[in-house]
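Undergrad: Keeping their order, the protein sequence lines are chains B and R.
Remember, this note's numbering sits 73 above the position in the first sequence when you count from 1.
Remember, this note's numbering sits 2 above the position in the second sequence when you count from 1.
Calculated from the structure, these hints are not laboratory results.
Treat the hints with care, since some could be wrong.
[Said to hold, decoys possible] In silico contact screen, one side only, chain R against chain B (beta carbon under 8 Å); selected entries: (1) Glu-58; (2) Glu-60; (3) Asp-80; (4) Ile-88; (5) Tyr-90; (6) Ser-91; (7) Ser-98; (8) Gly-99; (9) Ala-100; (10) Leu-101; (11) Ser-104.
Since we're looking at a predicted model, the values are computed, not measured.
C-beta: ideal position from N, C-alpha, C; glycine also.
Chain by chain, the residues:
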Amino acid sequence: MMTFPNLHVASAALALTIALAGAASAEHLPEPHGPVILTVEGAIARTNGEGRARLDLQMLRDIGETTITTDTIWTAGTSEFTGVALDDLLEYLGAEGEEIDARAINDYAVTVPVADAVEGGPILAYAMDGKTMSRRDKGPLWLIYPYASSSTYRTEVIYARSIWQLDRMTVRD
Amino acid sequence: MSRRNRFRQGGRAIFFGVALVCMVAIGFLAVEIVRELRLLNSANSDNVQWTLSQAEVEFLEMRHALDTARRQSEPDLDRLIEEFDIFYSRISTLDSGALYESLRDIPEFADPMQRIRQTLDDLVPLIDGPRADLAAGLPRIESALAESRADLRDLATSGLYHFARQSDSQRISVAVTLSRLGLLTAVLVMVLVFLLRHAQNASRQTERRGHELAAAYTRLNTILDTSLDAVLVADLRGDIQQFNPAAERIFKYDAQQVIGRNIGGLIVPDHLRDAHEAGMARMRAGGERRVIGRGRVRLDAMRSTGEVFPAELALETAHTGSEEIIIGFLRDISHRVTSENELVEARDKALAGEKAKADFLAMMTHEIRTPLNGVLGNLSLLEETTLTPVQSRYVHNMAVSGKLLMSHVDAVLDIARFESGATGLRAEVVDPGRLVQDILDSQTSAAEANGNRLHWAWTGPVADWIRVDASRLQQVLVNLVGNAIKFTRNGDVQVELEQGEPVDPTGGEPGFWLDIRIIDTGVGIAEADLDRVFEDFQTSGCTQDQGLPGTGLGLGIARRFVQAMGGEIGAESTPGEGSVFWLRLPVRAAQPPRSKGRVGTGASPAGPRSILLVEDNEINLQLARDMLRLMGHGVSVARNGQEGVAAAEVHRFDLILMDIRMPVMDGLAATRAIREGQGPNRDAPIVALSANVLPQAKDRFIAGGMSDFLGKPLMKEELSQVIARFCSDAAREEVPPPALALDDPLAALKARYLEETHALFDWLATKPEAWTEIADRAHRIAGSAAAFGHPDLRMALLSVETAAEAEDAQALALAVDEARQAWEAAPAPCVA
Numbered sequence: 074m075m076t077f078p079n080l081h082v083a084s085a086a087l088a089l090t091i092a093l094a095g096a097a098s099a100e101h102l103p104e105p106h107g108p109v110i111l112t113v114e115g116a117i118a119r120t121n122g123e124g125r126a127r128l129d130l131q132m133l134r135d136i137g138e139t140t141i142t143t144d145t146i147w148t149a150g151t152s153e154f155t156g157v158a159l160d161d162l163l164e165y166l167g168a169e170g171e172e173i174d175a176r177a178i179n180d181y182a183v184t185v186p187v188a189d190a191v192e193g194g195p196i197l198a199y200a201m202d203g204k205t206m207s208r209r210d211k212g213p214l215w216l217i218y219p220y221a222s223s224s225t226y227r228t229e230v231i232y233a234r235s236i237w238q239l240d241r242m243t244v245r246d
Numbered sequence: 003m004s005r006r007n008r009f010r011q012g013g014r015a016i017f018f019g020v021a022l023v024c025m026v027a028i029g030f031l032a033v034e035i036v037r038e039l040r041l042l043n044s045a046n047s048d049n050v051q052w053t054l055s056q057a058e059v060e061f062l063e064m065r066h067a068l069d070t071a072r073r074q075s076e077p078d079l080d081r082l083i084e085e086f087d088i089f090y091s092r093i094s095t096l097d098s099g100a101l102y103e104s105l106r107d108i109p110e111f112a113d114p115m116q117r118i119r120q121t122l123d124d125l126v127p128l129i130d131g132p133r134a135d136l137a138a139g140l141p142r143i144e145s146a147l148a149e150s151r152a153d154l155r156d157l158a159t160s161g162l163y164h165f166a167r168q169s170d171s172q173r174i175s176v177a178v179t180l181s182r183l184g185l186l187t188a189v190l191v192m193v194l195v196f197l198l199r200h201a202q203n204a205s206r207q208t209e210r211r212g213h214e215l216a217a218a219y220t221r222l223n224t225i226l227d228t229s230l231d232a233v234l235v236a237d238l239r240g241d242i243q244q245f246n247p248a249a250e251r252i253f254k255y256d257a258q259q260v261i262g263r264n265i266g267g268l269i270v271p272d273h274l275r276d277a278h279e280a281g282m283a284r285m286r287a288g289g290e291r292r293v294i295g296r297g298r299v300r301l302d303a304m305r306s307t308g309e310v311f312p313a314e315l316a317l318e319t320a321h322t323g324s325e326e327i328i329i330g331f332l333r334d335i336s337h338r339v340t341s342e343n344e345l346v347e348a349r350d351k352a353l354a355g356e357k358a359k360a361d362f363l364a365m366m367t368h369e370i371r372t373p374l375n376g377v378l379g380n381l382s383l384l385e386e387t388t389l390t391p392v393q394s395r396y397v398h399n400m401a402v403s404g405k406l407l408m409s410h411v412d413a414v415l416d417i418a419r420f421e422s423g424a425t426g427l428r429a430e431v432v433d434p435g436r437l438v439q440d441i442l443d444s445q446t447s448a449a450e451a452n453g454n455r456l457h458w459a460w461t462g463p464v465a466d467w468i469r470v471d472a473s474r475l476q477q478v479l480v481n482l483v484g485n486a487i488k489f490t491r492n493g494d495v496q497v498e499l500e501q502g503e504p505v506d507p508t509g510g511e512p513g514f515w516l517d518i519r520i521i522d523t524g525v526g527i528a529e530a531d532l533d534r535v536f537e538d539f540q541t542s543g544c545t546q547d548q549g550l551p552g553t554g555l556g557l558g559i560a561r562r563f564v565q566a567m568g569g570e571i572g573a574e575s576t577p578g579e580g581s582v583f584w585l586r587l588p589v590r591a592a593q594p595p596r597s598k599g600r601v602g603t604g605a606s607p608a609g610p611r612s613i614l615l616v617e618d619n620e621i622n623l624q625l626a627r628d629m630l631r632l633m634g635h636g637v638s639v640a641r642n643g644q645e646g647v648a649a650a651e652v653h654r655f656d657l658i659l660m661d662i663r664m665p666v667m668d669g670l671a672a673t674r675a676i677r678e679g680q681g682p683n684r685d686a687p688i689v690a691l692s693a694n695v696l697p698q699a700k701d702r703f704i705a706g707g708m709s710d711f712l713g714k715p716l717m718k719e720e721l722s723q724v725i726a727r728f729c730s731d732a733a734r735e736e737v738p739p740p741a742l743a744l745d746d747p748l749a750a751l752k753a754r755y756l757e758e759t760h761a762l763f764d765w766l767a768t769k770p771e772a773w774t775e776i777a778d779r780a781h782r783i784a785g786s787a788a789a790f791g792h793p794d795l796r797m798a799l800l801s802v803e804t805a806a807e808a809e810d811a812q813a814l815a816l817a818v819d820e821a822r823q824a825w826e827a828a829p830a831p832c833v834a
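One chain only, chain B, in its complex shape (with noise of 0.2 Å):
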């Protein structure tokens, strides 16, 4: 089941971030200091270079962390999933389009509509039970939907939707 025992905290941690973010550049994102993760493109607001904006694992954590408790069909059992808010990010990030285009390091590509980034909905997760997630294990991010929560979770498109070893993404209108 999935359980969001620091979603309050994770809010107003996201809140204090915005509010020093938006006090030191509205438009600026840091640079990152570990190896990038997540580079984003396209209908966002905020970058840190170059129209896009590159993530590492920490900037990723400091948006706020949410934890969802759910089974999937590709792992064995329940597993605790943690990493941040699809919605969070978006908001982060300054983010206005309808679409998402999502691309894994194989070069797998899904669409993932805005829509879908609601509270309560998909989070990037980094870790899986606590570990970091390598490559190996799908890392270093997962597009997990809090399958168990809603059968509306459970069905092809979304299954499709959770792309693992994710590392691109392009905001379109």
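Use these hints to put chain R onto chain B, whose structure you have.
TA: Here is chain R on its own, set in the frame of chain B:
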């Protein structure tokens, strides 16, 4: 009806059951389908085929990266590692993902998977190790992956095959479920269609029943409205629910006025109200119902005006739904009751009238016959005395008138007795020839007075003894012969007897029709009058000859008696030539009675007896005493019952004659006292004397302990018979057949005259020397001889008297001889 209903209810229940089962099954299948759809929705597959082929693609990507690396002098190891990681991730997904759990159960998948996993895991240290080692180890990777190529192919193939099969079976399962669903739906639809039709039928039927019910209701209302009886419907509390027009008319209430009001206060009269309330309470309590369902009950009801009237009421209860109602049918019978009461009153009056008539007749019997008895008796005594010829004639005329009066009284009495049904037939054994002879004898003088000759004869064989109601037959014949004599002058009156055809012998002795014809050569009867001669109060115009008119009842009585005996009577006549009166009677042949006493002319004279005479009427007392003394009996007298009882205490009497109506103590009480006492007469014969000759009176006397009955006026004939019966030694052992009594005082006097005359001549034959007695007796008979039309005898006897007074034996002997000759020559006595 109930069986159909039961069948229908059963059928309906079955269909509802089927429908229910169908619905449950459909529900179950729907859940199943939802589940299957959810499975389909949940899309466990995530396009498994893609995943499996992607594994091959990623393997080839890795092989390509490896090949590229091997061909480069500065190999791009990062790319190789990336491809390795991607492939590794794919394999571990297949190895541990829940989606592929079923796959891992089949060896064709699990075994290559195991080997590929092992190969990859073996390569991990190399891949993750120093780059130099990795560059050097590329050939090793090459060879390791070459082995895995086939495994991967197997893996994909078997996986694809498995999922194809799985999806096949899933499709089949869905198809089967859907088929079942379809089938069940079809069944359900059929059931629903049937139920729909059933519901339609039911609704049509309900509609029809509604119409029928409405028609029945209209019919019922019409009946109620036109009923002549009041119809009231009330509930168990007694509140009126319905009140038909007849009820409005009878009770004089408006229906609207009374509906909803309690019946008790409206139509139950005050004196019945408590009983009504008690009955209603009892019924409500489920107790006994005394009026309801008991048919018609008669009671009183009350109109709005307070008038109480008699009514007939029938109550029934009926259930309308859960409520019980009482239906009352009430009929106003006040008119009927009034008519009934009038009828009862009229009947009571009529009965009272009949009673008064009967009482009057009984009284008349006594009050007329008793004094007449005295008159006739004293006349007969007067005749015994020495009278001048003129006196003799006067006395005789008085006797004739008195006799006629008695016969009129008796005739009226006969009719009254007959009409009241008081008389029964009394069969006796008689010789019909003797009977006729006796009647003719008694009528001789009358016949001679009219110059008529009387004959009788049998036509055909003679019947000696028959059983018949002789006294009635005699009365009828006396009447017919008397009439024949009356209406004939100087002619013949002939009686013919004839045995007719046999009668059905039901009584044992053979029976036959006895035909009797009375033929005269008289004036005859006109054809027009012939039919009504047998009606009451028909008198002929030719009665001047006798100087005394008849009652006109004689032939009416004759007709009644003959019909009562089962016979017929009729007349034929030719005016100027004569008439034939005929009668036919059914009679039975009988054995001759053992004692052939003389019939009709008196019993053998009995020796002197001591007789107690109890009689309060002085004239009757003297008359009876004198009669008895004339017969030579010793007589003691008592003037009431008490004196009679006292006398009976002292002496033993051979016979007690007891008047019934007496002061102090009546005859019945006296008889009881004598019978119950210890006196010498407790077993003596006691004979009642009464003017009440109705048969029930006689029965009462016999029941009261009396031995026999003598009607008043006392007839010497009857008296002597009774004495003979009770006092002769022979008679005590065998009772002779009841002698025919001529209800004719004149006949009795004649009989006595004949008897006394015979006795005188018998006595004179013994040459008595009691001169005085000879003179007295000769004188007495001479007086009678004059009265009976024997003047020669009278003269001869007067000579005897003279000779006796002179004590001249020779003259006496001559006179006696002369008298005997005159006697022997004399015709039958007649009244001049």
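Undergrad: If a hint holds in the structure, say so; if it doesn't, say that too.
TA: We went through each hint and held it up to the structure:
1. For Glu-58 of chain R, the shortest C-beta to C-beta distance to chain B is roughly 13 Å, which exceeds 8 Å, and the interface hint is violated.
2. A hinted interface residue such as Glu-60 of chain R counts as satisfied when its beta carbon comes closer than 8 Å to some beta carbon of chain B; here the least separation is about 6 Å, so the hint holds.
3. Here the hint on Asp-80 of chain R is broken, as its CB sits about 11 Å from the closest CB of chain B, past 8 Å.
4. For Ile-88 of chain R, the interface hint holds, the least distance from its beta-carbon to any beta-carbon of chain B being 5 Å, beneath 8 Å.
5. Here the hint on Tyr-90 of chain R is kept, as its CB sits about 5 Å from the closest CB of chain B, short of 8 Å.
6. Taking 8 Å as the C-beta contact cut-off toward chain B, the hint placing Ser-91 of chain R at the interface holds, the least distance being around 5 Å.
7. With 8 Å as the threshold, the beta carbon of Ser-98 of chain R comes within range of chain B, its nearest partner Cβ sitting at about 5 Å, so the hint holds.
8. At a threshold of 8 Å, the smallest CB-CB gap from Gly-99 of chain R to chain B is about 4 Å, leaving the interface hint in force.
9. Among the interface hints, the one on Ala-100 of chain R holds; its C-beta lies about 5 Å from the nearest C-beta in chain B, closer than the 8 Å criterion.
10. The closest approach between the C-beta of Leu-101 of chain R and any C-beta of chain B is roughly 4 Å, which is under the 8 Å cut-off, so the hint is satisfied.
11. Restraint check, Ser-104 of chain R versus chain B: the minimum CB separation of about 12 Å is more than 8 Å; hint violated.
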